[in-house]
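From these two lone chains plus the hints, build me the complex, please.
Going line by line, the protein sequences match chains A and B. Residues 1 to 290 (the working numbering) are what the first sequence spells out, left to right. Residues 1001 to 1240 (the working numbering) are what the second sequence spells out, left to right.
What the hints contain is simulated information worked out from the structure, not anything from laboratory work. Hints may contain errors.
Listing some non-contacts, in silico: residues in chain A with all C-beta distances to chain B over 10 angstroms [said to hold, decoys possible]:
no.: 1; residue: 58
no.: 2; residue: 179
no.: 3; residue: 265
Now the stretches of chain A that chain B is said to cover, found in silico as 3 or more residues with beta-carbon under 8 angstroms [stated by the list, open to error]:
no.: 4; stretch: 123-132
no.: 5; stretch: 183-192
We treat Cβ as the ideally placed atom computed from N, Cα and C, and that holds for glycine.
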Amino acid sequence: MELLLQQLANGLVIGSTYAVVAIGFALAFTVLRVINFAHPDIFMVGMFAGLLPATQWPALGFGIALLAGAIGACLVGFALERTVIAPLRGRDVLMTLIGTLGVAIALQNGMALIAGPDPVAYPALLPRLFIDIGPVALTLRQIVNFVICLGLLGLVSLYVRRTSYGRATRAIAERPDVAAAFGVNVSRICQFTILLASAMAGVAAVSVGMLYGSASAFVGLLYGLKAFICMLVAGNRYFEGVMVVGLAIGVIEALVTGYLSSSLRDAAAFFVLIGVLYFRPNGLFGSYAT
Amino acid sequence: MTALLEVKGLAVSYGAVPAVDGVSLEILPGELRVILGANGAGKTTIIKTLFGLLRPRAGEIRFNGEIDLLRLKPHQIHMLGVAWVPEGRQLWNTLTVMDNLRLGGFAVDDKALLERRIEEMFERFPRLRERHDQVAGSLSGGEQQMVAIARALVSAPKLLLMDEPSLGLAPLMVRDVFSLVREINSMGIAILMVEQNARQALKVAHWAYLLETGRIVESGLAAEIGNKESVQAVFLGGHA
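So that you can see chain B by itself, here it is in the shape it has in the complex (with noise of 0.2 angstroms):
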C-alpha cells in the first residue's frame, strides 16, 4: 500500500542549531502513528515542517506517493486534504466558536456542506453548541480543545496531524481526547499525533516512534514498543 505521509531524512535548524536531524516516517491511510518525546525533541517543529510552515535542511516529504509538500504552501497542503490540531490549541481566540468553526472549512467550497459538517460537529459537542456564539478565548481547556479537533474535522481531512492534543488537561479530560482519538481515527482518518503522555498514547496508536534531541530512536508496533527499556526509562517512569 502506498504510504499516505512519506517523510525521509528531513532535517530542520533554526539558524545553526539542529531541531530535527534525519528523521524518517511513514504512515499508511486509515493509521494512527505516535510521535512520542520529550519537550524540544523536535516534535512540533516536524508538524509544522510537514506543512509548509518551516522549510527544511534537508529531507523529502511526500503525500499519497508522488506529490512534493516541499514545493507547496501551507493553504495547498491542506486542500489535500491535511488538517492540524496545533499545540496549546491555537484557537483564533477573539472569533467566536462558530467563526472558528467556519474558517476550519474556509476551503470547503459548498457552504451547505460546511453547515452541515458543523452541525454534526455541535451534534458530537454539545458544549459547542451552546457556545457557538462565545469568543472562543472564553472557554475552559477543554471546550478549546473540543474546538480545536472540531475546527480540523469540518474539512473532513485525510490526514489529520496532532500535536500534544493532552496537554494542559484536566486528567478525565485527557482520557476523553484520547478516546476521541480512536473515535476518529476509526471513521478512517489517518492520525499523526506527537505526545508526551506515552502510556495513554501506547494505547490508542497502532505504532509509535520515540524522538530524542531531534532524532528516532526507537520505533516499533505500539503495542510492543512500551516494553522497551528505552521508553520505559524516558515515558513510562521505569528503571530510570
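Bound-form chain A, shown alone (with noise of 0.2 angstroms):
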C-alpha cells in the first residue's frame, strides 16, 4: 500500500512534466494543424536558458532561472514561427513536420556544440528536503515541480476557457475559417500560441533540470516522445484531455517502474498507446475532423 502510494506521488509528479510538455505539442497541433517536432529542443534550450543564470548568479535564486527559461524558450519559439511554421503553415502537414524536424536537429546539435554532447549538472536550486504527506515522501523538488506544471496546466486552461483570445484559439482549432470571418486575427493567434506552449515549455524544463540535478542537448527526445503519445492517446478535441492523459501516463510508468521493471518503464507509454488506438482511434476523448 505504501509502495503504491508513493509511486503514485511520483507518477504525479513526471506525468505533470509530460503533460506541460503535451500541451504545447496540443496547441501547435489543433490549432495551427502543425506537429511541431522542435517543441521538445524548445523545452530543452529553456533548460538550458535557465542553467546559465543560475550557475553564474546563483544568489539571483529560482525564480530568475524559471523566468530565464521562458525567455529563452520563448525565443526559439518565435524564431521558430517566423522562420518555419508561419511560412509553411497552411500547406501539407508534412511540409511543417520536416521543417520544424530540420529545426530541432540543428538545435540538439547547436546545444551539443556549446554545451558539449554529456549531460551536464543542474545547479541544486531548492535545498534537499524531504518532506512527509501521510505515508508519502517527496522531495521538496518534486512538490515544486509539480506545484509549477500544474499550475501552468491550470493557467492554459483558464486561458482558452475564460479570455476572448483563449475562446478565439478553441475557435480557430474547430473551425479557422469560420472564425477568421468572425474577425479573428487567425496568423496573430497561431504566433501568440507557439509564444505560449515555448514559455510553458521552458518554465517547466528548467523545473525538471533542477528536479533531476542534470541537463543535456538531448534531453528533448525522451520528453518528446512521451508528449506526443499523450496527445495521440487524449486526442485533440480537449486540451484538459491531454493533461490528464499526461499525468496518467506518469502514473503507469511509475506504477511499471514499481510493481515490474523499470527497465519497462519506457515501453509502458507505447503499449498505453496501441491500446488506445486500437480501440478509440480518434483518442480516448475524441478529435476533429481535419
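Below is the structure:
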C-alpha cells in the first residue's frame, strides 16, 4: 500500500511534466495543424537558458532561472514561428513536420556544440529536503515541480476557457475559416499559441532540470516522445484531456517501475498508445476532423 | 446610390475546374438580394470568395464603392461590417452557445455593448437563453440556426451573407427562418442570401439572380423573375 501511494505520487510528479510538454504539442497541432517536432527541443533550450543564470548568479535564485527558461524558450519559439511555421502553415502537414524536425536537429546539435554532448550538472536551486505527506515521502523539488506544472496547466485551461483570445484559440481549432470570418486574426493567434507553448515548456524544463540535477542537449527526445503519445492517446478535442493523459502516463510508468521492472518503464507509454488507438482511433476524448 | 457591395467579372477555380465564371452582381444598402442555384452552381464559392477565404482567378470585389476586398484578409473584411451565416450553420460545436455568441462579437471592442447585444439576442430567441450553457453541438437543427443567425447579428453588421439558411430544417422552421430574414432586413441590414428554396426566397427578396454552373443566367426583380420560364423550370417545378 505504501509503495502504491509512493509510486502514485512519483508518477503524478513526472506526469505533470509530460502534460505540460504535451499541451504545447497539442496547442500547435490543434490550432495550427502543425506537428511541431521542434517543441521538445525548445523545452531543452529552456532548460539551458535557465542553467545560465543559475550557475553564473546562483544568488538570484530559482525564480530568475524559471524566467530565463521561459524567455529563452520563447525566443526560439518566436524564431521558429517566423521562419518555418508561418511560411509553411496551411500547406501539407508533412512540410511543417519536416521543417520543424530540421530545426529540432539543429537545436540539439547546436546545443551539443556549445554545452557538450554529455549531460551537465544542474545547480541545486532549492534545498535538499524531504517532506512527508502521510505515508508518502517527496522531495521539496518534486513538490515544487508538481506545483509549477499543475499551475501552468491550470493557467492554460483558464486561458482557453475564460479569455477572449482563448475562446478564439478554440474557435480556430474547430473551424479556422469561420473564426477568421468573425474577426479573429488567425495568424496572430497562431503566433501567440506557439509563444505560449514555448514559454510553458521553458518553465517546466528549468523545473525538471533542477529536479533531476542534470541537463542534456538530447533531453528533449524522451519528453517529446512521451508528450506526443499523450496527445495521440487523448485526441486533440479537449486540452484538458491531454493534461489528464499526461498525468496518467506518468502514473502508469511509475507503477510499472515499482511493480514490474524499471527497464519496461519507457515501453509502457507505447503499450498504452497501441491499446487505446486500437479501440479508439480518434483518441480517448475524440479529435477534430481535419 | 453607391452599391454596398459590387462584384464584377468574378471567376474562381478549384485547380483547373472553374466553379464561378464571370459573375457580376451588386447589392445596395438595406437591400435583400438572393442568388438562386442548384447544388454545385457555385453559390457557396461566391460567398467564400467575398469573405477572402478563396482567392479568385479574376474579377473585382468592392465594398462601399472604394474598398477593394481582394486586398483584405477575412478578419479585416469582417471589421468593415460583413457577417456570415454559413451553410450548414458551422457553429463551434464544442463551445457553449454563449461562447459562440461572444465569438460572433470578437471584433466588438466595447464588451458591455457586446453583452447588451447578446442580451437582445436572448430576448429574440428565448430558447437560446435557456441553453446558453450547453455546447452548440447538442442543440437541434432549428436551435443551431438561431445560434448561427444570432452569432452573425451580435457584430451589428451592415451586410449579412446567408448561405442556405433553410437547409436541413423542418418545414415549419423554414417559414420561421424566412420571416426572420425579412425582419433582419427591415432593421436596415443588407442581406445577400444564396438559396435553393426559390419559392420562399423570392417572397422575401427584392432582387434575384439565377446561377447555373457558375454563371448568372437571369436576374431581375424578385416579384417578376418567378414568372420567367427558366426559373419556373429549374426551381418552381413548372414546365419541366
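Hints versus structure:
Every beta carbon of chain B lies more than 10 angstroms from that of residue 58 (chain A), the smallest distance being close to 45 angstroms; the non-interface claim holds. Listed as a non-interface residue, residue 179 (chain A) fails to keep its Cβ farther than 10 angstroms from every Cβ of chain B; the least gap is roughly 7 angstroms. Non-interface status of residue 265 (chain A) relative to chain B is upheld: no Cβ of that chain comes within 10 angstroms, the nearest being about 34 angstroms off. Judged by the Cβ-Cβ criterion of 8 angstroms, the stretch 123-132 of chain A is not covered by chain B as claimed, because only 0 of its residues qualify and three are needed.
Interface restraint, the stretch 183-192 of chain A with chain B: holds (4 residues with C-beta to C-beta distance below 8 angstroms; minimum three).
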